[in-house]
Every structure is written in C-alpha cells, then in structure tokens.
Amino acid sequence: MSSLKVYGKPYSANVTRVLTTLAEKNVDDYKLVPIDLLTGANKTPEYLKLQPFGQIPAFQDGDFTLYESRAIARYISDKYEGQGTALFGKTEREKALVNQWLEVESQNYNPSARKIVFECVFAQILEGRPTNEAVVKEQLEKLGKILDVYEAQLTHHKYLAGDFFSLADLAHIPVTNNLINVAKKGELFSSRKHLNAWWEDISSRPSWQKVLQIIQAGQQQK
Amino acid sequence: MSITLFGTAGSTCTSLVLTTLFEKQVQDFVLKNVNLAKGEHKKPEYLKLQPFGVIPVLQDGDLTIFESRAIARYVSDKYEGQGTPLLGKTEKERALVNQWLEVESQNYYPVVSSIAYQLVFGPRRGLKPDEKVVEQQLEKFEKILDIYEEHLAKNEYLAGNFFSLADLSHIPYTYLLLHQAKKGEGITSRKHVKAWWDKISSRPSWKQLLDLRAQS
Numbered sequence: 011m012s013s014l015k016v017y018g019k020p021y022s023a024n025v026t027r028v029l030t031t032l033a034e035k036n037v038d039d040y041k042l043v044p045i046d047l048l049t050g051a052n053k054t055p056e057y058l059k060l061q062p063f064g065q066i067p068a069f070q071d072g073d074f075t076l077y078e079s080r081a082i083a084r085y086i087s088d089k090y091e092g093q094g095t096a097l098f099g100k101t102e103r104e105k106a107l108v109n110q111w112l113e114v115e116s117q118n119y120n121p122s123a124r125k126i127v128f129e130c131v132f133a134q135i136l137e138g139r140p141t142n143e144a145v146v147k148e149q150l151e152k153l154g155k156i157l158d159v160y161e162a163q164l165t166h167h168k169y170l171a172g173d174f175f176s177l178a179d180l181a182h183i184p185v186t187n188n189l190i191n192v193a194k195k196g197e198l199f200s201s202r203k204h205l206n207a208w209w210e211d212i213s214s215r216p217s218w219q220k221v222l223q224i225i226q227a228g229q230q231q232k
Numbered sequence: 009m010s011i012t013l014f015g016t017a018g019s020t021c022t023s024l025v026l027t028t029l030f031e032k033q034v035q036d037f038v039l040k041n042v043n044l045a046k047g048e049h050k051k052p053e054y055l056k057l058q059p060f061g062v063i064p065v066l067q068d069g070d071l072t073i074f075e076s077r078a079i080a081r082y083v084s085d086k087y088e089g090q091g092t093p094l095l096g097k098t099e100k101e102r103a104l105v106n107q108w109l110e111v112e113s114q115n116y117y118p119v120v121s122s123i124a125y126q127l128v129f130g131p132r133r134g135l136k137p138d139e140k141v142v143e144q145q146l147e148k149f150e151k152i153l154d155i156y157e158e159h160l161a162k163n164e165y166l167a168g169n170f171f172s173l174a175d176l177s178h179i180p181y182t183y184l185l186l187h188q189a190k191k192g193e194g195i196t197s198r199k200h201v202k203a204w205w206d207k208i209s210s211r212p213s214w215k216q217l218l219d220l221r222a223q224s
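First to last, the protein sequences are chains A and B. According to my numbering, the first sequence is numbered sequentially starting from 11. According to my numbering, the second sequence is numbered sequentially starting from 9.
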C-alpha cells in the first residue's frame, strides 16, 4: 500500500516533471490527486496547508509533505537511489555537473521557455487576453541564444552533464514538450542538429512515453 | 590549493559562493576578479569556462562548475566534514533544504531581482526605472513575505531549526534590496522575517563577505 501522493494535474509541466522522475525510478505505486488550477482547487485552505504558495505540484510521503517539483524530484532520486536510473551520475564530479545543468534549466531555459508557452497557449485561457507577440519575439531571441550554448555542449556530449542521462536532462522534458508540441515552436530544436537529436532521445524514453499517456488520459477526462 | 573562483565580491551571485566558502571555513582559494566594465565576461577565454558569459565560475583542478547555486552545492558537498553543515543531516532535512532552495530560486529571487534590475542594475546602465513594474513586483513580494512570515513564526530557519544553504541563498539579494534598492520595508515590517534576516545577516560568513567587498 503506497504512501506516495502527487497533488496536481498532468497538464502542468511541473507536475509531469515529478511523474517522469517517479517513472524513471520505477516507482508506479503512487496516487495522483487532482488539483485543478482552473477550478481554484489550489487556493482552498486545505490545499494551502500543503503548498502555501498555492502552486502545483505538492507531494506527500506518508505524513511528510514537500513542494517545488525540482525538490520533489531530488527527494525521489534520493529515496529510490537503489532502483531505476541513476539520476545524479556515479561520482561527485558527475553529480556536480548534473547540479550545474539543473540550475541552467532552472535559471536560463525554463524562464524563457515558460513565458513563450504561457503567451502562446495559456494567456487566452487563464487571463482572457490574446498572445503578446512582442513578448514571444523577445523570449524566442533570448532562448535561441541559450539553445546555441546547449547545441555546443551537446556536440561534445550525448547528454547535458556528460555521456549519461541525468535529472538535468529530465528536468527539461515537460516544458520542451509544451514548447514544441503545444506552442508549436519546434523550429528552435529542428534547426539545431545535436539539440534535436538530444530531444528525440530523451523524449523517447519509456518514462516520458508513460507520462504522455497520463497527459492524454487527463485531457480526455475534461 | 585547488580552487579558483572567477567573479567579483560586489556581485550578488559571486557573493553567494564566497559566503558559502566562508561558512564551510574554506579560506584556501583564489578569487580572480572579472572586469565586467571591460566586458571580460564576454571574451573568448572566459566563455570557454562559462559559455553563458556571466559570473561566477569555479575551477577545482580540472573541474569547472558554473551557476552560483550549483557551485554552492558543490562546496557544501566537498567540504561536508567541516564548517557549518549546510544541506541537512537526514533525508527529510535534506528534502526541506532543497524545497526552500527552490522557493528562493523560483519565487523569491525572480521578484527581488526584477526590483533590483529596475532600481539598481538598470540605472547603472543609464536606464530609467519602470515604476509600474516596481509596484507590481513589490505587491507580489508582499504576498510571498506573508508566507515566509507565517512559516518563520513556527520555524527558526527556513528548513527547520537549523541554518542551511536555503537561508544563505537569500542573503545577497536581500541585502541588495535593503541597502541599495532601499525597498526593505517588507522585510523589516514583519516580526519573524525581520528576526530571521537579522540573525542570518549577522553571521560571521556574511560579515567576512562585506569586509572583502569593502577592501575590493
């Protein structure tokens, strides 16, 4: 009987970052408790007790509560260290490089990618306004320069932290899926040879394929 | 002596790494100044170390690490056996340190750095502050600080009753907000946030950083 709960909805990249980590560590014995931003379920007093910033996901292991998807992913990687894919490399040096590229995702990639996805996909639904094309243009330029650095890195290494898949690569998957397949900005990737190969590789992992099914099932429930 | 840190004591991000080194009682490193005014961080030799062209970057032997939060983790890990334990002692403590590190990274920092850009960094480049942006960000900041206030009423530090990297990661930008942007009322008007701030900013490691800045 599992003690693990993930609170959120699979349309959220932050939630699927956690679900993909669980899948990568061969953990499927958890409950996904729906918390739908569109109904304001994230602003109820009960939910705010779990996640006081009113964001998804939140996570529980028994009576231990945790939030912030990257922190939850770290917790899962720690707790299930002995099974599934090693997500932080095998040496201290490899771990340091994984942490470096996790921060690159967090500080460079995600802010721009997320803004583009928000403008192109969610601005209408969540704020009832059209896409701000000036913001999209600005962020596409910014992201392009960042992705040039990724292209250079991936020319010499199969994955971001080296020649091994890690949480640093995984952390990029959900937002990149939104960027390419939902916001239709695939050209950012298809125009960069090694970046594109990296995306094809990481997005075809069984863990992400599993989560895609969860996303699709979630869409059908509406 | 294997560690070289490229950056400046005046930079918030470099300061995070320096303060972490001091907190871990690592004095044996070289700080190599990067001349931002002369665009040194955008030159080919620097870009070989840090391809995004920002400071800091750390070299430890043949290992190069960038992103201040990742460097701080590396230092905390490498010097685990000395100085202040910064990442928690148990699985749950570690998880809570990581949670509040992410809260800083995803919630606190974007708002504070936006205000800092408008009021401190932008003006240095001759840009005029956008008062509307400052007002919006300060409103956001108030809501975030309400959550911190409630949390710190029940916990001495962010991850629990122990100082950690999660608290430390807040120091450089909060200091800038208070002393350079002069927008610290949110911090000083909240009883428990103020007490937390006073405690963490009076640690010897931060004082050592400020001394280093004064000398630079």
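Fair warning: there could be bad hints in the mix.
To be verified - Calculated cross-link-like contacts (lysine-lysine; reagent style PhoX-like; alpha-carbon spacing at most 20 angstroms):
#1 K155(A) - K140(B)
#2 K50(B) - K53(A)
#3 K56(B) - K100(A)
#4 K155(A) - K162(B)
#5 K100(A) - K15(A)
#6 K59(A) - K162(B)
#7 K50(B) - K105(A)
#8 K89(A) - K56(B)
#9 K207(B) - K105(A)
#10 K152(A) - K97(B)
#11 K59(A) - K151(B)
The set of hints was computed from the structure by calculation and includes no laboratory data. In this text, all values refer to a predicted model and were calculated from it rather than measured experimentally.
Now for the hints, and whether the structure bears them out:
| no. | hint | verdict |
| --- | --- | --- |
| 1 | K155(A) - K140(B) | violated, 29 angstroms |
| 2 | K50(B) - K53(A) | violated, 44 angstroms |
| 3 | K56(B) - K100(A) | violated, 25 angstroms |
| 4 | K155(A) - K162(B) | violated, 44 angstroms |
| 5 | K100(A) - K15(A) | violated, 28 angstroms |
| 6 | K59(A) - K162(B) | holds, 14 angstroms |
| 7 | K50(B) - K105(A) | violated, 27 angstroms |
| 8 | K89(A) - K56(B) | violated, 36 angstroms |
| 9 | K207(B) - K105(A) | violated, 32 angstroms |
| 10 | K152(A) - K97(B) | violated, 39 angstroms |
| 11 | K59(A) - K151(B) | holds, 16 angstroms |
In the structure shown, a violation is registered for the earlier hints numbered 1, 2, 3, 4, 5, 7, 8, 9, 10, in ascending order.
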